[in-house]
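2 protein chains.
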Amino acid sequence: MGTDILRCDAVAIFEAGLKAVDPVNTVKKKLKREGDIVTLEGREYKLGDYKNIYVIGMGKAAASMASAIEDILGERVTTGIVNVKYGHSVALKIIKVNEAGHPVPDESGLGGTKEIVGLLEKSGIDDLVICLISGGGSALLPLPAGDITLHDKQELTTALLHCGATIHEINAIRKQISRVKGGRLARLAYPSTVLSLILSDVIGDNLDVIASGPMVPDTHSFHDCLEIINKYGFKEEAHRAVIQHIEKGCLGDHEETPKPDDPVFERTQNVIIGSNITAVKAAREKALDLGYNSMILSTYIHGETEEVAKVHTAIAEEILSSGNPLEKPACIISGGETTVTIEGKGKGGRNQEFVLAAAIHIEGLKDVLILSAGTDGTDGPTDAAGATADGTTVARAHDLGLDPYAYLCDNDSYSFFKPLGDLLITGPTNTNVMDLRVLLVS
Amino acid sequence: MGTDILRCDAVAIFEAGLKAVDPVNTVKKKLKREGDIVTLEGREYKLGDYKNIYVIGMGKAAASMASAIEDILGERVTTGIVNVKYGHSVALKIIKVNEAGHPVPDESGLGGTKEIVGLLEKSGIDDLVICLISGGGSALLPLPAGDITLHDKQELTTALLHCGATIHEINAIRKQISRVKGGRLARLAYPSTVLSLILSDVIGDNLDVIASGPMVPDTHSFHDCLEIINKYGFKEEAHRAVIQHIEKGCLGDHEETPKPDDPVFERTQNVIIGSNITAVKAAREKALDLGYNSMILSTYIHGETEEVAKVHTAIAEEILSSGNPLEKPACIISGGETTVTIEGKGKGGRNQEFVLAAAIHIEGLKDVLILSAGTDGTDGPTDAAGATADGTTVARAHDLGLDPYAYLCDNDSYSFFKPLGDLLITGPTNTNVMDLRVLLVS
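Chains A and B are the protein sequences, given in the same order.
Position 12 of the first sequence, counting from 1, maps to 26 under the working numbering, and the rest follow consecutively.
Position 238 of the second sequence, counting from 1, maps to 252 under the working numbering, and the rest follow consecutively.
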């Protein structure tokens with residue numbers, strides 16, 4: 015019984031976090047309108063100053079964010095288009111929603127991006143562009159430069175990942191071989207005024223990382239990209255188009271991404287309207303309301319899921335043993351995003367695997383429950399957002415003939431939790447600020 | 015300059031932790047004497063009731079603990095012998111110190127253990143036995159049963175580890191094939207009165223795990239051990255002596271380890287006089303004194319060093335970014351013991367590797383410093399206890415031509431920190447309560 019209450023509390027805490035990063039709520043909280051004046055983080059914009067208001071967007075939450083813009087600006091929106099992941103549409107009055115491929119970009123994404131570029135090309139100094147960026151925005155804004163194809167780009171990314179390139183190196187190249195990333199979208203929009211509203215899905219909320227920074231300056235050059243290419247010894251025919259583009263860029267044949275001092279950013283305001291910390295703080299408030307001593311551990315959590323789970327359960331054990339870092343009833347909340355090194359053939363996601371690893375370590379402990387779930391409602395290639403586990407999980411699994419350790423080794427967390435009834439299923443939430451983890455000790 | 019102060023503070027916090035688990039201090043704090051009465055956690059013992067007082071001990075801190083006993087009981091000590099690791103002797107008046115091999119047991123350990131057994135065999139109902147147990151106590155109390163050799167035991171342990179046996183399974187077997195572990199020492203001491211003073215070096219402070227529980231009941235039988243042997247398919251000639259011993263045990267030819275209801279424990283009091291939490295709590299007090307908002311994260315920390323380091327640095331980033339879980343200046347203290355999966359050929363230990371991994375993640379951060387060190391003063395096969403790192407470490411390393419990532423991959427943390435001058439060298443501390451980690455953000 016005690017644990018049932020814990021599970022309900024953990025789910026309520028998670029849902030409070032979700033609600034705080036609901037795209038409609040966050041847009042309306044940050045972008046305020048009073049009559050003809052729109053305010054974004056202290057800066058005022060007079061709607062009467064603008065001939066046209068164009069709305070563009072890319073990412074899982076783009077359609078929901080766009081619906082908030084329609085609510086706020088109504089008929090003042092001239093036209094617009096947003097690229098969202100398949101299944102993430104919302105009915106809109108003026109702005110067009112274009113569903114496209116994610117995480118692998120497709121032709122539909124390409125088409126939508128071309129429409130966005132078309133809109134920006136016709137926008138001018140008298141126009142206002144509202145850009146709605148959210149998680150998945152990089153794959154949902156594909157437009158390779160020159161004669162590079164989506165396939166070329168994909169192949170190079172895969173090859174770079176294989177040879178140990180860092181995500182920063184890969185992003186540097188992505189920006190230079192794109193027509194829209196790395197601030198190039200801002201250049202297309204210039205000299206319009208641009209309000210860029212961003213739901214962050216990356217640790218640290220760096221503007222140049224989220225969706226590959228379409229509206230912010232880039233700090234890398236074609237020469238940097240060539241160095242990266244050379245560092246990893248790419249000479250293969252397979253990457254000919256990309257390498258040639260970069261080499262020509264070094265010779266001045268292609269335009270560089272705009273740098274921090276570029277005037278194209280003069281009329282651009284980028285604002286993060288929601289991120290992991292928004293959700294985590296709201297979750298903490300809910301936990302306090304429910305009577306838990308509550309603590310935010312970190313929103314910067316990364317690393318191998320199984321090992322990160324061990325640190326979380328170690329905190330649960332300390333709470334039980336010495337009342338540190340919090341006295342019971344305690345709630346520890348963390349965010350960020352872990353990784354799973356896949357060695358098995360099972361079905362699962364980083365959140366479900368986190369909970370499975372934790373279940374093994376809290377076996378037999380009373381009044382401890384752990385929840386981990388993705389705020390986008392999707393954990394890996396499953397229909398679950400995550401799962402919950404407590405001290406009875408391992409015993410209940412054994413009763414069903416399930417060996418937790420075997421499922422963990424096979425990365426088969428979904429198949430483990432499904433028969434136990436401990437999956438957390440929310441459906442698509444139309445938002446995405448990475449993961450939330452809730453650890454309760456009562 | 016700021017960071018130099020941080021380093022001094024971190025070292026002072028670590029040293030405060032060390033002092034709290036100084037073997038002499040901890041023994042004297044727990045074992046109080048007033049005239050003829052000795053008190054241990056509320057239980058009184060009248061020295062006049064005992065004809066002889068024998069002192070035995072095993073572990074890195076045994077000689078220091080014995081010196082405290084000589085201070086407390088003086089001439090009342092009849093005789094005694096303690097097994098310590100080479101280089102861990104302390105000058106004693108009555109009690110003999112026998113140096114022996116650790117972590118690999120040797121003939122000297124065997125000889126000392128036989129002397130301990132000899133003392134216990136001649137002790138009787140009128141005698142008091144004081145047993146001093148500390149980290150390393152299992153390797154420093156070797157006495158295989160029957161005709162099993164140290165080599166046989168070592169081979170089996172290695173083989174069990176290789177085929178994935180858990181530490182609990184290995185310990186179950188260790189106890190059954192020993193003449194002294196798993197409560198067998200208590201049986202040898204019976205019917206003497208036994209005061210067992212324990213400095214814990216294991217996560218969770220389980221009495222049956224520390225030094226393989228020589229003075230506490232065992233819960234596993236010869237049959238359990240046979241099941242483990244069969245589970246992993248051990249049939250090889252190499253393990254003949256061990257397997258035959260267990261098989262004969264199942265037939266009743268050898269005596270079982272004493273179980274929880276065994277009368278041999280009637281006169282035995284086991285008390286943990288110090289453990290990781292003792293050190294961690296003292297470290298936290300020191301941090302508070304120095305003006306830091308301070309928090310104990312957990313003393314149950316385990317898992318792969320590099321990943322655990324990521325969670326610690328993630329907390330540092332959150333403190334800098336949002337003031338959670340503590341406002342600056344903040345000190346996060348954790349204990350326990352991580353593991354390193356060795357893939358390289360370098361020299362280092364889990365603490366130095368932890369700090370190296372952390373250094374990479376805090377690169378460029380201002381006013382962040384991390385320390386990790388073993389309370390025994392030895393980290394891996396090095397002369398360092400651990401190391402410290404801050405946001406400048408990576409840059410300073412590059413200046414010296416050192417690539418932090420390459421050193422991390424080669425498990426070569428000692429060679430990385432030595433030229434930087436960031437090793438923490440204490441020399442042997444004669445105590446051992448696992449590791450301390452101190453994270454400062456100012």
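Treat the hints with care, since some could be wrong.
If several chains are the same, the list does not tell them apart, and a pair holds so long as it fits within one copy or across any two.
[Said to hold, decoys possible] Keeping only pairs whose Cα atoms sit at most 27 Å apart, straight-line, the calculated DSS-like set for lysine-lysine is: (1) K295 <-> K33; (2) K361 <-> K432; (3) K110 <-> K136; (4) K245 <-> K359; (5) K432 <-> K359; (6) K380 <-> K273.
Hints listed in this document are in silico derivations from the structure and should not be mistaken for laboratory results.
Going through the hints against the structure:
1. For a Cα distance limit of 27 Å, the shortest separation of K295 from K33 inside one copy, 11 Å, qualifies, whereas the shortest one across copies, 38 Å, does not.
2. For the homomeric pair K361 and K432, the shortest alpha-carbon distance inside one copy (11 Å) is at most 27 Å, but the shortest distance between copies (45 Å) is not.
3. Only within a single protomer do K110 and K136 lie at most 27 Å apart by alpha-carbon distance; the minimum there is 17 Å, versus 92 Å between protomers.
4. In this assembly of identical chains, the alpha carbons of K245 and K359 lie at most 27 Å apart only when taken from different copies (25 Å versus 33 Å within one copy).
5. In this assembly of identical chains, the alpha carbons of K432 and K359 lie at most 27 Å apart only when taken from the same copy (17 Å versus 43 Å across copies).
6. In this assembly of identical chains, K380 and K273 lie within 27 Å of each other by CA distance solely across copies; the values are 26 Å between and 56 Å within a copy.
Of the hints listed earlier, there is not a single one the structure fails to meet.
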